[in-house]
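If you read the protein sequences in the order shown, they are chains W, Y and L. For the first sequence, the numbering used here assigns the number 119 to the initial residue and increments by one for each residue that follows. For the second sequence, the numbering used here assigns the number 254 to the initial residue and increments by one for each residue that follows. For the third sequence, the numbering used here assigns the number 81 to the initial residue and increments by one for each residue that follows.
Hints were generated in silico from the structure; no laboratory data involved. Hints are supplied without guarantee of correctness; some may be wrong.
Unchecked claim - Below, a sample of chain L positions facing chain W; criterion: calculated Cβ distance under 8 angstroms:
1. Phe149
2. Ala173
3. Thr198
4. Leu213
5. Trp214
6. Glu222
7. Arg226
8. Arg261
Said to hold, decoys possible - In silico DSBU-like cross-links for lysine-lysine, where the CA-CA straight-line distance does not exceed 35 angstroms:
9. W:Lys247 <-> L:Lys243
10. L:Lys254 <-> L:Lys284
11. W:Lys247 <-> L:Lys268
12. W:Lys349 <-> L:Lys254
13. W:Lys468 <-> L:Lys215
14. W:Lys247 <-> L:Lys168
15. Y:Lys387 <-> W:Lys268
16. L:Lys254 <-> L:Lys326
17. L:Lys326 <-> L:Lys95
18. L:Lys205 <-> W:Lys247
19. L:Lys168 <-> L:Lys284
20. L:Lys205 <-> L:Lys254
21. W:Lys349 <-> L:Lys268
22. W:Lys349 <-> L:Lys104
23. L:Lys104 <-> L:Lys284
24. L:Lys104 <-> L:Lys326
25. W:Lys268 <-> W:Lys247
26. W:Lys468 <-> L:Lys254
27. W:Lys349 <-> L:Lys168
28. L:Lys243 <-> W:Lys349
29. L:Lys243 <-> W:Lys468
30. W:Lys349 <-> L:Lys215
31. L:Lys168 <-> L:Lys268
32. L:Lys215 <-> L:Lys243
33. L:Lys215 <-> L:Lys254
Said to hold, decoys possible - Every beta carbon over 12 angstroms from chain W, so not counted as near; a handful from chain Y, in silico:
34. Gly326
35. Glu393
36. Ile396
37. Val427
38. Val428
39. Val432
40. Arg461
The C-beta atom is built at its ideal place from N, Cα and C for all residues, glycine as well.
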Amino acid sequence: MFYRAAGQFKTSYRADQALFPVRQDAMLLGFILILAWVVFPLTASEFAFQTLLIPILIYSLAALGLNILTGYAGQLSLGTAAFMGVGAYACYKMVTLMPWMSPVVAILLSGVFSAGIGVVFGIPSLRIKGFYLAIATLAAQFFLVWLFEKWAWLYNYNASGAIQVPNLQSFGVYVSGPQATSMVQYYVVLAVVTLLTWVCINLTRGTTGRIWKATRDMDFAAELIGINLMKSKLGAFAVSSYIVGVAGALFVFMWRGAAEPNLFDVPLSFRILFIAIIGGLGSILGNYLGAILIVGLPVILGVLPEVLGMQTDSALAEHLNTMIVGALIIFFLIVEPHGLAQLWRLIREKLVIWPFPH
Amino acid sequence: MLHDIFIAPFADMIAAPDFLMQVLWEGLVSGILYALIALGFVLIYRSSRIFNFAQGIMVVFAALTLVGLHAMGVPAWISVVLTLAVMFGLAVAIERVVLRPLVGQPDIILFMATIGITLFLIGFGEIIFGGENKVMITEELGIPTGSWTLEPFGGLLILEQKDVTAVAVAAMLVVGLLVFLNRTQMGRAIRALGDDSQAALSVGISLRTIWVLVWFIAGIIALVTGIAWGARAGVSFALEVIAYKALPVLMLGGLESIAGAIIGGLMIGVLEKLFEIYWGQPLLGGNTETWFAFVLALIVLLFRPQGLFGERIIERV
Amino acid sequence: MLDATEGHTTADGRKIGPVVMEMKNITLRFGGVVAIENISFDIREGEIRAIIGPNGAGKSSMLNVVSGFYTPQEGEVWFRGQPRPPMKPYQVARQGIARTFQNIALFEGMTVLDNVMTGRLTHMKAGLFSQALWKGRAEAEETANREIAERVIDFLEIQAIRKTPVSRLPYGLKKRVELARALAAEPKLLLLDEPMAGMNVEEKEDMSRFILDVNDEFGTTIALIEHDMGVVMDLSDRVVVMDYGKKIGDGTPDEVRNNQEVIDAYLGVQH
Ligand SMILES: Nc1ncnc2c1ncn2[C@@H]1O[C@H](COP(=O)(O)OP(=O)(O)O)[C@@H](O)[C@H]1O
Ligand SMILES: [Mg+2]
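Using the sequences and the hints given, assemble the complete structure.
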């Protein structure tokens, strides 16, 4: 009933290449877009904006960036948070050096800096692979966080060593700083995330996507069929780091409001890696599903005891959350190594042939 | 500027050789612990192709268990034995719950699973033991806490006795492992597994036994490093970072090379200390030990992708 | 002997042109192992050239030299009458040389169609921006190249599996998909490393037919490594025989079959 592909025959390759060859997929997406663009912002409480809607979108975007690199191009990175940091600090420097610049423009430009640094730290991928490369990305992680701390120019010589997001306007509305409302910030985040998701969908389903996947699946064969591995890998580092950098700028400017260097340390990198893995490597949708789970879980664990009328202990809830996430990762790897996105694919396959399974 | 980078540090080293020796000694102490942890990685990697990210948290977990048991009133040495039993239980549990269901999965999946183990143990450890910094039961274990003062070149060299003990115990453990790997049937099976799993299986030892064993060895290593490092810096989740240091060691020495782990560990321990004292602190604002080893390994690998001790391999198609 | 610059017509009416690729005194070593020792031979336009020899003779290494994957210590590769400067494999591929592998090297995480489409990559030029928006050149290219990929899929009779992930395919079909990927590139020179290894008789017959059809219909020059002597004799115009890195025979299948050195080294030995 829901997913009847039967009867929807493709008459041209062009139609077959459309984003959603099955009509119900397009309808489902439309429904989600209406929820995200209209229903949620009109009904959400401040709590929902701050603990769910905004962080889920930002984490999804960061995971999407990582997924481009690791899930599509096959280059395992453990340094995502540091590149988010580059985006955040670049954005901070831009808006403080050029106060006339729209913060939204600054956010979109900040990815350019993280892309550049991403390419530099991507150079080792041309010579080393797998775990060796993963460790090499930790070099970026530790070095950059150290730099955020030691290079006082980055945080305008603040005594605290932290960056504080200023009140900034775009088209006469406050979009960042304490003056900005959650709803405005949500829309900024949603717009950026929607745009970049659409771009990623296009990139990954076409030539570039095939180049990345070929590099991931069998690099020497990729090279022997005419793929310039250097371009492919560094391109993936650039695109991935751009997205991650923008996510980092959003993270600080649209959500946290302030940041210290250690915000961008290893735990954040891993958090994003989990989202990408639990969601599904090599999938766009998975990043959203993973972020909903990883961001939503602690919220539920935090609220649950209250709902059940138990005494609340936020530290215990947090540790329990860590434990559960760890167990969930193992559980998912055993049950479905390809993540939530694959689960959805299987459900969808069932729905397509429903009610005539064979 | 050039003078500060290329001349002044060496001039300082020559001017105060006793201080240089102190720095080298401190580097050596860290280095041998890095080497030990790297060895744990290598054993696990060779026998199961698993890149064990949980090694760091195992260090924390072992140290916390030891301190926690003692706090409950268990005598120090019995706590050690019980902690070893806990680490053995952990090895069995990991083999049973994580490794066995995941056998044959791609490397990256197994790696992720060890991150899952890491998170699980962090949460679990926090709930059971609490996250605040604790004091290692150094004296209770009979580890001397005094220091020896030497006077080389008419200067001053202070050797903390607990560091000397750590170096001695770690060195003994390394030698013990080497003997185990080379002289016992089980050890040879583990080594053979790295080269050819058929050969190892023909020895007649089941893969599961080997896995439990190498994870238990990793647990013992974790406990020893936990005690040694805990005696210097206290016991908290921050201990985990020393396991990160084993990672660049593996890059330099190779994921499968036992000798590489040992030499690489010592090298990185010493070099990062030298760099921090003579370049990092005067020129870069210090705290360079967080990244120096990684950047060094990265640069070496750019020029020698096979690592320091690996042989150059030309890919086949 | 034929002149390198002129062509001739075979008994079954196919056109054999001048020399397109010439290996001149190639020597390739791996450490102490000499994989190829001072070997020269040529490939003519439109012919099917076989390379045979026992395991470890250096056949795959030779194809890898042609592909630019290995760089020989000595010797030169001449392509279209000119010495080829040192090149990366991807540059060689862009000169119109495609290949398959002894051990299947498909992109396991992709569908059959996507694998075949990767064969078209050397022909796709749309910029990143156009791709990001899925507009203009990127979209047009996608459709145009899809048509070519689909023709190859029809040609090799794998329509039914075009949307199947290759990881789910049986061995024989994988080999065929790999050929499809190579053909999608519309290569001038096609290198096949043991295309029939591990196949049953029926699959071998199919594959032989495809190879002959490719050569016949598109005039593609083919260099192939094959163990099955029967197949080699049927398919190829000329054969190079290698043993322990040396060339011990070169000529038509009949000439090679009657060469005493070849009989001793290769045909006498069971593989
Ligand atoms: N990448 C490599 N590294 C080291 N030795 C190699 C490599 N590739 C091939 N060889 C060696 O070169 C010789 C020829 O191998 P190969 O070309 O694969 O033979 P064939 O394809 O005829 O069976 C063998 O001795 C093989 O071990
Ligand atoms: Mg071969």
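So, against the hints stated earlier in the document, which numbers end up violated here?
Checked against the structure, no hint fails, so every one of them is satisfied.
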